[in-house]
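**Q** So you can see what is in the structure, the chains are spelled out below.
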Amino acid sequence: MSLTSSLLYLDGVTVSFDGFKALNNLSMVLQEGEMRAIIGPNGAGKTTMMDCITGKTRPDTGTIYFDGTVDLTRLDEAAIANEGIGRKFQKPTVFENHTVRTNIALALKESRSPFHLLVSRLSREQNTRIDEVLDTIRLSHLQKETAANLSHGQKQWLEIGMLLAQDPRLLLVDEPVAGMTDSETAETARLLVEIAKTHTVIVVEHDMAFVRDLDVKVTVLHEGSVLSEGTLDHVSADTRVIDVYLGR
Amino acid sequence: MLEVRNVDLHYGAAHALRSVSLTCRPGEVTCLMGRNGVGKTSLLRAVMGQHPISGGEIVWDGKAFGASPPYERARRGLAMVPQGREIFPLLTVGENLQTGFAGLPPAQRRIPDDVFELFPVLSSMMNRRGGDLSGGQQQQLAIGRAMVRRPKLLLLDEPTEGIQPSIIIQIGNAIDYLRQRGDMAILLVEQYFEFARDLADTFAVMERGEIVMSGTRAEMDEDKIRANMTV
Amino acid sequence: MLQRLPTSRFRSIPVFGALFCLVALLMLLAPDGARAQDGQDAEELRPLLSGLDNGRDFAATEAGIRAIAATGNPAAAPLLRALRNGDLEIRKSDNRVVLVVEEGRDDFAVDPLTGERLGELGRRDTNRISINNNIRNLIDEVVAGLTLRAEDPAIRRTAALEMLAAASGDNVEPLRAALAEEDDAGVRTTMQRALAASILQSDAPTEEKLEALETVAAVGDRQALQLLNRATADAELAERSAELIRGVERKLQMWEFAQNIWFGLSLGSVLLLAAIGLAITFGVMGVINMAHGEMVMLGAYTTFVVQEVIRQNFPELFGASLAIALPLAFCVAGLVGILIERTVIRFLYGRPLETLLATWGISLILQQTVRVIFGATNREVGNPDWMSGAFQLGGLSITYSRMAIVIFALIVFGLLVLLLQRTAFGLQIRAVTQNRKMASTMGIRTPWTDALTFGLGSGVAGIAGVALSQIDNVSPNLGQSYIIDSFLVVVFGGVGNLWGTFVGALSLGVLNKFLEPYAGAVLGKILVLVLIILFIQRRPRGLFPQKGRAAEG
Amino acid sequence: QDDDTIKVGILHSLSGTMAISETTLKDVMLMLIEEQNAKGGLLGKQLEAVVVDPASDWPLFAEKARQLLSQDEVAAVFGSWTSVSRKSVLPVFEELNGILFYPVQYEGEESSRNIFYTGAAPNQQAIPAVDYLMDQGVERWVLAGTDYVYPRTTNKILEQYLKDSGVADEDIMINYTPFGHSDWQSIVSEIKTFGSTGKKTAVVSTINGDANVPFYKELANQGIEATDIPVVAFSVGEEELAGIDTAPLVGHLAAWNYFMSVDTPENDAFIENWLDFIGDDNRVTNDPMEAHYIGFNMWVEAVKKAGTTDPDAVIDAMIGVAVPNLSGGYSAMMPNHHITKPVLIGEILDDGQFGIVWETPGLVPGDAWSDYLPDSKPLISDWRAPMSCGNFNTETGQCGGQGASGQ
Amino acid sequence: MTTISPILLTRFALGAIAILLVGSLVVIYLNLAFDPGDPWHVPTYVVSLLGKYLAFALLALSIDLVWGFGGVLTLGHGAFFALGGYAMGMYLMRQIGDRGVYGNPLLPDFMVFLNWDGLPWYWHGFDMFWFAALMVVLVPGLLAFVFGWLAFRSRVTGVYLSIITQAMTFALMLAFFRNEMGFGGNNGLTDFKDILGFSIQARETRAALFFATALALCLGLLLAIWLVRSRFGQALVAVRDAEARARFIGYRVEHYKLIIWTVSAAMAGVAGALYVPQVGIINPGEFAPANSIEAVIWVAVGGRGTLVGSIVGAVLVNFGKTYFTGAFPELWLFVLGALFVVVTVLLPRGIMGPFFGLIDRRRQRKLIAEQQESAARASAEREAGVDPDDTAMARGGAAE
Ligand SMILES: Nc1ncnc2c1ncn2[C@@H]1O[C@H](COP(=O)(O)OP(=O)(O)OP(=O)(O)O)[C@@H](O)[C@H]1O
Ligand SMILES: Nc1ncnc2c1ncn2[C@@H]1O[C@H](COP(=O)(O)OP(=O)(O)OP(=O)(O)O)[C@@H](O)[C@H]1O
Ligand SMILES: NC(N)=O
Ligand SMILES: [Mg+2]
Ligand SMILES: [Mg+2]
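Chains as they are written, first to last, in this note's numbering: chain A, 1492 to 1739; chain B, 61 to 291; chain C, 323 to 875; chain D, 57 to 463; chain E, 9 to 408.
By construction, these hints were calculated from the structure, which means they are not laboratory data. Watch out, some of these pointers could steer you wrong.
Unchecked claim - Distance condition first, Cα-Cα at most 30 Å in a straight line; then the derived DSSO-like pairs of lysine-lysine:
hint : chain 1 : residue 1 : chain 2 : residue 2
1    : A       : K1547     : C       : K759
2    : A       : K1582     : C       : K869
3    : A       : K1635     : E       : K374
4    : B       : K123      : C       : K759
To be verified - Computed from the model, here is a short list of chain E residues facing chain B with C-beta under 10 Å:
hint : residue
5    : R369
6    : Q372
7    : L375
8    : I376
9    : Q380
Note that beta-carbon positions come from the ideal geometry of N, C-alpha and C, so glycine has one too.
Turn these sequences into a full structure, and let the hints guide you.
**A** Have a look at this one:
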């Protein structure tokens, strides 16, 4: 696999906290347009990996390239976001004092320059786009509500909505369906599959039904490295995966 | 026994619970279901005393809680695993567990072995700060912490959220085991239908602040409930 | 008139009340008193007494003193000491020289030679015999001559030290004589040094002086340096003394470095004491506690009140006044803290920035309250005996008060760390401040914990006030002068990190003391501030930042 | 009833950092006014004190001055302590043509038509003190002060004066510290070192207010006795000493124009009245209080002389008024709006009082413009007609700008 | 803190501007058109006092911008205010010319008697008003820029930032106290004569200064409205509430903070410049940390993040100070202290809180009604068999 054809390229990434290796020589490659599901035990390093990609955590060693040439380990969070990497956090974080609508508006794909924002207003297309996103996440009726007043699950949805509005090339989605009902979970899977047609996506989930619905290649992380990779059926059959993750 | 009688709850002008009634008995698991934002967490908050109720009453062991604060309810045998984990981020795992000692008789001020049996990862991370744990580890810690209090009523708000499948199975077993012991009432909020169905003795489904359906396990009609939980 | 009592020169604190006064009087008369009681001898001095009072003609007074000293009468030394202490006065009614003794609130006249009581005195019944610093020096000198062979070795030592300080050729002979019969080793050494110093001032032969130079240089302090410097004027001694001077100076330089570190540490412990309560109310609880300084002030005023009560009623307890004040200050400040927490702060959890506003208001109220009760002026808090003066540790001069504060700060800090890190209460405090709602859900009585924590922080500030009352003003402004430094220390060390506060305080203290000699106090302080600002750029969360997710979450 | 009373403004800080010194002055003014009223008031009217609190906040001084003059329409104001507060109110008094009595020793270099300086100018305090010490054989000098205008100017004058008297550069050490400086360890130890050369050394202290207590405590702890290195202070009086245990400080000096220990019947009466008024036997009196005593009596005399409280008339009547001071003489208002005073040197006693060890043979008139500063030397002040100028330049024969616009 | 809708903020602010303009003109008219003694006359003393309050209000407004909307609790804004004040003070000093006591045409008096032999370089240019006016904005702006650039880039936040702003103003205070700095030390700059050729003591000049301050405050409000209502303002609030989150969607947090911080500092500088000629003195006391804290407190009293609140708070507290220091000189600290405590405990959103709150509650009730309606519509649709989500989902997925 060449460096240039891949959208995301991790090689030998290691992160340790006071000697504990959260990521251990992790390597992974993602092609443009690919969707990848990542599973693995609690503490396997899934979130830490996303932290490394988005600049929240600096790896001790290893390289991370985006789009073939961009060395993400040298950029800060904002620069990485502006390269086209968007993220939904495991613990929903939204702008609590803004309305749901403004939250989406703030995430819209656009220049983030303060001077631009000082003089520009939202265009009609942008407003339409916000409406669409609100519809998608089913929060239209709450669009004027302050985000602080949302329930846990509603915030999850809002985060997904912000990610949609941001429309990045690479989406990192950490546990999108936690706290959702089964049918919402199914809907979300459909939504992600739809998005993946035009985007590159990494999804972390513990909900196997959901992962099955995605029907994509699965990587199993364990103790900071890849334990197994393949279709869900393939990895589910792996006894090591069963031992450390799925249970019997 | 917990009896929630016609409870109302407001956030400012927003009416989050509308005359909700519910009963939880020792040795039973009561399962509360419903879509996002219907008021499940609000009901647990009301029971725990984290948010004042604006109408109705909550009776525990024959005595109404009135306006008593959470720590009094905790001392009367309630414990809660809240949504969002609410781990004390700068306390170590061990210290997080020890916060449960407050008000316990000295003899009980030790961490029950079940906690580590159920969540072995905690014992290996006793000195790590709670905030550093991964999401799923924090969820495990939150459950363990509630168990330290040896509650008579355990409130679980989506306890399986973010937890790996093998441990979900164990949590299910644990809840089952606690129920079997017969001295504990359990109120479980759960979105994951199968998990809920396997555990529930009684159930209730909420919609927009109201309980729209309830009954015993036998009365749990999967289709009807699913219909109610569909978006 | 001020109801202050005369003090003996051997005790640097004012002594209070009748009992103490008598003790002082006895001390005054005791040393050579055994012989002084021999009335006849003492009466020899009576005609000379009048020579002491010459108004502001100090030259005449000097002559009078010399005349008394020349008698060699054993009663002369105590008499002159009384003069030096300002206890000799002229009774206006009969122009008689009397010794004034205070007992309680009353003054009595006592015959300075016989100790016979001559009756009570009113405020304006007597005039103090005027003396000035030159007279004091003279008295020290002649008394040293008179007491060089006293019975008490301590007094002989003092005399020798005095002669060392005021080296003069005239002392050579008396010192030699005294040395001949001296049997106390310590006093001998001092006398030998004094003798060497005196020889240098005399017209002794050069060899003798060269020998004396060595003895003096061996002392190695500033006084020695001064003697050596003087010796360089003598051509024959110049070379050797210059050599010796270099040696002494090198040594002194080294000691100066050590002295700076000590100064820094002691300033640091003052900062630590001032900041440590804030490390709890602000660092741990997150209350931007602008009233912290006023808690310190309350502690200082508690000390004042305690001392006042002791002065009035139990003067013999004065030495223990600080020990009594400590728990009281803790309670007073702590209770006020609890009161503040219960009435104001508790409504503000979750709104940390607003605590700034409320506590600012509280600090204004507390300041003005104290101003109304105690007045706007400074109040006197005395240093007990054991907190006064300094001792010599090699070339270091360490004042007792500073040392006491350093030790005290360490103890307070240690106890606090133990409390927070090792006890259940400490755990509850930390749990409550990190997540109040969840702590309550875990069964922790949060209102209780909140009140006690705030009370603890305030109480610790209060005991800091006891210590600070020993080195600073006790005035309504006391708190204001520490609040900024306290916040700086806590933030510099890292909010919520007690060890950070500890290291922060000490390192800021040392830094300050090393900058001060070069930059001056003003510029030094500015530099410290600028360095802190720059340091925070490098470490935006203080000296010991919390790392990892926990800190951000 | 407004017309039946003459209002007197009292402009002293009752809160903030200066309250510690100024509150007493407010009290003494209240006492003086009460006494005057008991004597039948002034011009047949009762005096009424208008007290405001400028809170140690300098712009607030200006605001309060304005309020006193234009809203309360007071006949005279007694107030200010720090130089900056005086500088802040000066334009206000000139603009609204009010009268201010300023009772504190200061750096000089000022003479306003509307201000009467009843405290000491440098030649009434600093220079005599240095003279005295030279007389006592002092050869080496530490000029230690708080870093602000009064010490800076005073030290500038003293430095020049010492050099004129033949003191070498290396025998002068100058040290400045910030306001409220509380850690004196290094400086005291430096002074100790500076003083250990064998030459007799003294410290001339212009250390202000709060910084003195820790300074003296450190002196005492490090064992610097007055017999070794005496400290002569210009800002330390009885009130400052009331906060310290003075036993270890016996012999250190202060130069003032008044001490509580002055033995005169006037002073006895003043002290008695004061203790009565304040109801606390432990309170002391000090120099600025005497200055207000003098200033107030001068104003009373001048108003009587003018027969009105009209500022212009009173200002003119003030010059030449002489009233008894508390040390047994008469102080007179000079044409330069400064007064004549005796200069006393006192040594601290163990009871917190000062024993007077030296006294100028006669009264010293205050000099607004120091002779030891080059630009100030040619200036003189004379507010009598026809000169009517606070800063007449004897070299150019002209009156400087301020005097001209002050009219 | 909850955010008040920008529309509401704007309405209040526009109202305030109207009141300010009309009110100040009325005051000036009453001052100039009637003679002292006339019951309608407003004394000049009051005009200057009001001018001082308004200068403080501008300072408070500048603090509300950084604190209320940028989330930076500044405990050092007094520094910018004082620097602006010094810049103006230096101009006013130079205007004295040879009318100083020593008649020196070049050097201010305090330099003369401390034997300065020339004007320090940084005093040059201040004889020109335009230059001084530029410096009023530039000096605080530049200091803020450098300070902010360092601090925000290093991600100094929260109390750490607050305390180093305090350290900054404290250090400046000590520096300006030093006589060697050449700013008159503790005495500062005083005894001004003219401004722009007009006597500073003239009634008309005072009225003009007062009006200029009112005008500056109005302009400040307009600027603030523009900043806050723009999308920049929204992003700023997002940065304030969730800095890290904002970074992850690409906002350069440090730029946003730096801009508002610098603008605010310049605004504070203007406030200081207007303050100085009206009170007649600038001295290092203005740098005192307590002053900065007090200014923050005005904002908190009025209501943080409400713009108008900061003005109300500044005027109210300072009026209280003026009144109480005169009426109850011995007790005013109790009154003021109690005011602060009571406002915090009873009015968590400051004095303006209840006003905004009333309108806010009405809005919320409307909102809830709307929500219920649309939720009901949705479930009706669901029951009718139309799946609204299907269409939404398709759209959401297709759109880029
Ligand atoms: N600052 C830290 N200090 C110590 N350990 C840490 C720190 N941060 C993360 N860890 C550990 O690193 C491991 C990886 O955590 P991470 O959050 O990446 O797991 P995860 O795969 O996302 O798990 P989950 O499925 O539970 O979300 C965990 O064991 C966690 O405890
Ligand atoms: N703190 C709050 N302030 C105002 N409104 C709130 C608050 N918390 C929740 N709400 C509102 O109350 C309603 C019920 O919320 P609740 O958290 O109880 O829902 P839930 O059933 O637990 O949902 P989820 O499954 O998403 O956790 C929601 O509509 C939500 O918007
Ligand atoms: N004038 C003084 N002492 O400031
Ligand atoms: Mg994770
Ligand atoms: Mg919920």
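**Q** If a hint holds in the structure, say so; if it does not, say that too.
**A** Hints versus structure:
A hinted pair counts as satisfied when its Cα atoms are at most 30 Å apart, and K1547 (chain A) with K759 (chain C) qualifies at roughly 29 Å. With a CA separation close to 19 Å, the supplied pair K1582 (chain A) and K869 (chain C) stays within the 30 Å bound. Straight-line distance between C-alpha atoms of K1635 (chain A) and K374 (chain E) comes to about 11 Å, which keeps the hinted pair within the 30 Å bound. Straight-line distance between C-alpha atoms of K123 (chain B) and K759 (chain C) comes to about 23 Å, which keeps the hinted pair within the 30 Å bound.
A cut of 10 Å between beta carbons decides the hint on R369 (chain E): the least distance to chain B is about 7 Å, and the hint holds. Annotation: interface hint on Q372 (chain E) holds; nearest CB of chain B at approximately 5 Å, less than 10 Å. Given the 10 Å rule on beta carbons, the hint for L375 (chain E) holds: about 9 Å separates it from the nearest Cβ of chain B. At its closest, the beta carbon of I376 (chain E) sits 6 Å from a beta carbon of chain B; the interface hint therefore holds under the 10 Å criterion.
Taken as an interface hint, Q380 (chain E) checks out: its beta carbon lies about 8 Å from the nearest beta carbon of chain B, inside 10 Å.
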